[in-house]
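Peer 1: Using the sequences and the accompanying hints, generate a full structural model.
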Amino acid sequence: MTRTEYLAQMERYLKRLPQKDYQEAMDYFTEYFDEAGIENEAQVIDELGSPKEAASEIIASVLGKHMDTPEKTPKSRATIVGLTILSLCAAPIALPVLLALILFILAVLLACLAAIIAAYVFGLAGIVVAGVTLFESITLLGTSFSAQAMGLGAACLSFGGGVLIWIIATAILKGSGRGFVNFVRWISSKKGDAL
Amino acid sequence: MYFPTSSTVIEFLILAIVEKEDSYGYEISQTIKLIANIKESTLYPILKKLESAGYVTTYSQEHQGRKRKYYAITDLGKAQLAFLNKEWQTYTTSISEILKGRLRHD
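Residue numbers (this note's numbering), protein chains in the order written: chain G, 6 to 200; chain P, 918 to 1023.
These are calculated hints, taken from the structure and not from any lab test.
Keep in mind that a hint or two might mislead.
Below are the EDC-like pairs computed for lysine to aspartate or glutamate, each with C-alpha atoms no more than 20 angstroms apart in a straight line [claimed, not checked]: (1) P:Lys956 <-> G:Glu58; (2) P:Lys984 <-> G:Asp26; (3) P:Lys965 <-> G:Glu29; (4) P:Lys950 <-> G:Asp26.
Peer 2: Here's what the structure looks like:
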């Protein structure tokens, strides 16, 4: 493999990175080849490892950089999701394993999503029930004090329960997103390990 | 080299190299490779990290008709280097004391 071929292959893996990260990485490695000189080209390529391996490490480090940015905008979140998928594709894993892994991750994601949607609906139902019971208990005003008190209590209970479920579901949603990205980082950091 | 070099030590070395004199990727890398069996794809992220942490800044300069990206240490980088130097002293002193049998847990 020549330097031109090497850089071209690397470019193929890196070109989906954010423009600035892509340009900086390509500049760095081009400069590196320039400095090493034509006579050391083979040695440099040997040291660098396959373009895929090198690209995978660069993508993982760019992902790390974006993850550590404190202020998260919708755009930066989208970047992180994109980079996560990208680093998964460049991970040093055999294709069949990769496919199985992607399908597995998709299935887990869908299951999580379903569970979270169910939790939200459940929480919503609690709040609706709270509204209805509250209304019921008000109509009982004057006829039976104990029935009204029970109605009010039930309304508070289902409202509190509903809100609690919402809060928990939101926390799980946030936590699992972060966990997923970390999981992918972990995979792409497993350089060349037989999987 | 038989002993593995952690990325913290590599950061330390890079800061020490650019503190003496501004340097560029290839030169830094060749110096690091004197002691560490490290790939360019590992070194590059470390340089990026030092830059985004504000320990080094970069500038481009012409050299024999092409651009070279130079790395220069910042004040923040100097402070970090001083800290790492202190840590390194403690670390290496303790190691040699243990090796000589003068330091042990009791």
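Peer 1: Which hints, by number, does the structure contradict?
Peer 2: 4
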